[in-house]
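Asks: For reference, the chains in residue letters:
2 protein chains.
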Amino acid sequence: MQLPLRIDFHSGESLQSQLFEQIRRLITDGRLRPSTRMPASRVLADDLGISRNTVVHAYERLTAEGYLEMRKPVGAFVSSKVIAGGGPLPVADSPTEDDQGPTTARRHARLVFRGESHFVISPYDRPVLYDFWVGRPDARLFPAKTWQQISRQLHETHIGNSAYGHPAGLWELRQAIADHVGASRGIRTSANEIVVTHGIQEGLNILARMFITGGTPVVVENPCYLGAANVFQSHGAKLLPTEVDSRGVDVEKLPTDAAFIYVTPSHQYPTGSTLSPERRMQLQEWARRTHAYIVEDDYDSDFFYDTAPLPALKSLDRHDQVIYLGTFSKSLGAGLRIGYMILPPHLAATAISVKGLMNNCMPWFTQAVLAEFMASGAFQHHLRRTRMIYNTRRDFLVKMLSQRFGGAEIYGAQAGMHLAWQLPEEAPAAFDLERLARSYGVGVYSFKTGNSLVSGDEAEARYARSVMLGFAALDEHEIEEGVRRLAKATSAPDAAPRRTVAPEEASNAQAQEFAYIR
Amino acid sequence: MQLPLRIDFHSGESLQSQLFEQIRRLITDGRLRPSTRMPASRVLADDLGISRNTVVHAYERLTAEGYLEMRKPVGAFVSSKVIAGGGPLPVADSPTEDDQGPTTARRHARLVFRGESHFVISPYDRPVLYDFWVGRPDARLFPAKTWQQISRQLHETHIGNSAYGHPAGLWELRQAIADHVGASRGIRTSANEIVVTHGIQEGLNILARMFITGGTPVVVENPCYLGAANVFQSHGAKLLPTEVDSRGVDVEKLPTDAAFIYVTPSHQYPTGSTLSPERRMQLQEWARRTHAYIVEDDYDSDFFYDTAPLPALKSLDRHDQVIYLGTFSKSLGAGLRIGYMILPPHLAATAISVKGLMNNCMPWFTQAVLAEFMASGAFQHHLRRTRMIYNTRRDFLVKMLSQRFGGAEIYGAQAGMHLAWQLPEEAPAAFDLERLARSYGVGVYSFKTGNSLVSGDEAEARYARSVMLGFAALDEHEIEEGVRRLAKATSAPDAAPRRTVAPEEASNAQAQEFAYIR
Chain A
43 MQLPLRIDFH SGESLQSQLF EQIRRLITDG RLRPSTRMPA SRVLADDLGI SRNTVVHAYE
103 RLTAEGYLEM RKPVGAFVSS KVIAGGGPLP VADSPTEDDQ GPTTARRHAR LVFRGESHFV
163 ISPYDRPVLY DFWVGRPDAR LFPAKTWQQI SRQLHETHIG NSAYGHPAGL WELRQAIADH
223 VGASRGIRTS ANEIVVTHGI QEGLNILARM FITGGTPVVV ENPCYLGAAN VFQSHGAKLL
283 PTEVDSRGVD VEKLPTDAAF IYVTPSHQYP TGSTLSPERR MQLQEWARRT HAYIVEDDYD
343 SDFFYDTAPL PALKSLDRHD QVIYLGTFSK SLGAGLRIGY MILPPHLAAT AISVKGLMNN
403 CMPWFTQAVL AEFMASGAFQ HHLRRTRMIY NTRRDFLVKM LSQRFGGAEI YGAQAGMHLA
463 WQLPEEAPAA FDLERLARSY GVGVYSFKTG NSLVSGDEAE ARYARSVMLG FAALDEHEIE
523 EGVRRLAKAT SAPDAAPRRT VAPEEASNAQ AQEFAYIR
Chain B
43 MQLPLRIDFH SGESLQSQLF EQIRRLITDG RLRPSTRMPA SRVLADDLGI SRNTVVHAYE
103 RLTAEGYLEM RKPVGAFVSS KVIAGGGPLP VADSPTEDDQ GPTTARRHAR LVFRGESHFV
163 ISPYDRPVLY DFWVGRPDAR LFPAKTWQQI SRQLHETHIG NSAYGHPAGL WELRQAIADH
223 VGASRGIRTS ANEIVVTHGI QEGLNILARM FITGGTPVVV ENPCYLGAAN VFQSHGAKLL
283 PTEVDSRGVD VEKLPTDAAF IYVTPSHQYP TGSTLSPERR MQLQEWARRT HAYIVEDDYD
343 SDFFYDTAPL PALKSLDRHD QVIYLGTFSK SLGAGLRIGY MILPPHLAAT AISVKGLMNN
403 CMPWFTQAVL AEFMASGAFQ HHLRRTRMIY NTRRDFLVKM LSQRFGGAEI YGAQAGMHLA
463 WQLPEEAPAA FDLERLARSY GVGVYSFKTG NSLVSGDEAE ARYARSVMLG FAALDEHEIE
523 EGVRRLAKAT SAPDAAPRRT VAPEEASNAQ AQEFAYIR
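From first to last, the protein sequence lines are chains A and B.
Using our numbering, the first residue of the first sequence is number 43, and each one after it goes up by one.
Using our numbering, the first residue of the second sequence is number 43, and each one after it goes up by one.
It should be emphasised that the hints constitute simulated quantities derived from the structure, not laboratory data.
Keep in mind that the hints are not guaranteed to be accurate.
Simulated pairs of lysine-lysine, DSSO-like, Cα-Cα distance not exceeding 30 Å [what the hints assert, rightly or not]:
| hint | chain 1 | residue 1 | chain 2 | residue 2 |
| --- | --- | --- | --- | --- |
| 1 | B | Lys-295 | B | Lys-280 |
| 2 | A | Lys-441 | A | Lys-295 |
| 3 | A | Lys-187 | B | Lys-187 |
| 4 | A | Lys-280 | B | Lys-187 |
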């Protein structure tokens, strides 16, 4: 897109201010429509012959004042808040510009939040037909009938809607969770050690508030789940990324001064590896020795296929050092917003305090339905059913990829809802394939786009040719068609030039794309 | 309660360690049962002839290790987590004590959270029959029938349960909220500036993350809603409490360097005063001049009785400096856990980022039901109905208090769901009356117990004879009986000695009670 911008190098006005003003006018005049993607800062800088920093700062100011919005990792867009007809921003009785500019800017300077968020739906605005987005259950398998039956009964006793509940969550739900993790994950616990949360994400925030202050060292896996890394960093943690291989995080490389380590032992996010039994022992020993906690994120452990899963780290927690995070987002659906923490006894009271401080308590109704759903045995039944179906889909996806690409190199498929695919040599690098596939109506995801933090050049290069494919939400027909299109995309003429991009270059190009406004 | 403790002043072991060990044994042996209230630190210190600090530190360690739990403002209790039969803590495969002690302690030292929570239900464990607890709607008035009808229809389209939603909340709900605040509070806004939150409490946390870092100056009212003050302080804010009188917060006493002021202009919490029109103008002018934001907590503005309410500060927000917080906790029920923020356009993106970082998004179902409930007009109908009923109850409570106590001095009754009562001279001071009333089955609340932060000796003395009474959740029969018992309590012989306590002394005694473990 070529924007009608003209920079006057001899004007008294700064280049940045000129750029800001001209783009602002294009937006308020309606020539730049809401949700239009802006050119990358580097591209625009080259076009105009100015420095990239100038563009970055102009974009920043436009974002701060509501004209642009950042949609990472894609880039800057004209704000969807601009009236769709193209008119000016809907600020009624707005003060004069002279008045607003500096005041808003100075007030805006009060903002101290420097965190970044992550994507829960998809980083892209426009959906694709065949979307292998990660961690998404199949909505068609939601146990609607049983759920409705329980809901109908509960509506009669609507009392819970009117009042606050206990900050730790509904007692019946906490008991049902204790029973469930006892049977499925080998964890001996009680309702007293369980705090119900708005998903694992809230559990991560509670932990951050409990343990992190400026500079607190926190070990994360490399690569690591971005939603966790962002929370820790936004609270001031010093992240210590530690290498992951096919046996999970490399325990021998752990530092000795961490407050805690954040791990995904059942199905490492994003690589899908399982932490080996020996490393589990070593990890516990490391935590005991260094007085660190272990945060065990067991996000998709309800799904395992070839063998029974290893017991949770929490089940071996002889020294009260493991904090376990679980969720119903994968087994039932993220729209319920129910997860939980299982804490060592001496930490439960603090976690409950933080939870209370954050939002008082959980909503009653969904907790009550879920508690009954679990107690009735319907949850176990649902798990067995979906596990079987997802197993079939996983097998089918692996088969299709192998057929279409001549023996695909798959890892992390033994459990969970996504697998990782090491791309064949003739395919473009991960991020290029991702963009190419979208034009064919297929969603596959490079690690970075798939909510992973990949730290360091070495790791970036290593994973530049890996993509993640979620398989739970697509049926066999959809998987078949998705992979067919993927094969077509990689063999299309427009894929050809991209094949020449070396992994390192691809990785750099990608890094620039991501970084183009901070 | 006399505990069988014996301190050996000539032992090599420290007094604190002796105390810790002996209490711990009483608990694990089952002689101190779960949920038993511990003696106040001062009382125990006097009994044993040791310093209060020694007791405080022993209690702290017992709390940290899970043997005791603090239930503020009442005090320390034996943990409910100790097995109810009296056995030791349920730590299976527990390491030896020598091993556990220092390790747990050192690991416990990793905790950096120093915040305090507040009470959403009641600070007391045992309910009373006639409870004038504040901010509680009448569960019997919940619009169950309509709610169920909408729920039934929505269950058919259960799709929202399976997936994440937008971090800012369900679009339809945000639109319904924009319409509602336009009509009821004079606020011109759009769905784009609204973020749905888990109650106002979450909105306060989002603001804290946006604006507060170590030492950030934040103005609060004095007295102030404790749930807000605790959030700000836990993020490191320097609170600047500013005096409140019958016209709301005293705007002339505001400092010039605050990041924001947190106010409850419709119905000041806890005093119930309404911010006067002149002060509203002055406050906006102060914010403009000092580049501060105004956080307007409009928690119970759906209820007003004698005259129409003043428009929200946000409705006069010509300089994009007001952040408005609203909730359905009072109009429908806190168990729904739905509130919202209305932000100036330039802050919306940051608030949405923080919300996403905290817990990704809101649960779908309740949002969807509420959106339809509002769009259908049922919400307006419900508000008119409850407003009328609460009006009658308020009138009746005022009448009963006046009859029983010969012309009660009431304030803050023009709006909301609670009023404040300046106790007559013959009654005990607020906190004493509160305790006395409970023994008669009646819940009334001193400002402090009712989730208020009262700062400074002067304010403590001023409000030492004020109690809060919520009137929305009790019908006329209950109000009548509650006030009858209250009158009986104050005229009972056991009330007599307390009458001799001067307000200052009462206030000090109360402060000690509150502070007895930090």
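Asks: For B/Lys-295 and B/Lys-280, compute the direct alpha-carbon distance and say whether it is at most 30 Å.
Replies: OK: B/Lys-295 and B/Lys-280 at ~16 Å, within 30 Å.
Asks: Can the restraint linking A/Lys-187 and B/Lys-187 be considered satisfied, given a maximum Cα separation of 30 Å?
Replies: 21 Å, holds
Asks: Holds or violated: A/Lys-280 with B/Lys-187, Cα cutoff 30 Å?
Replies: Cα-Cα ~52 Å, so violated.
Asks: Starting from A/Lys-441, check that the Cα of A/Lys-295 is at most 30 Å away, please.
Replies: 36 Å, violated
When each numbered hint is compared with the structure, violations occur for hints 2, 4.
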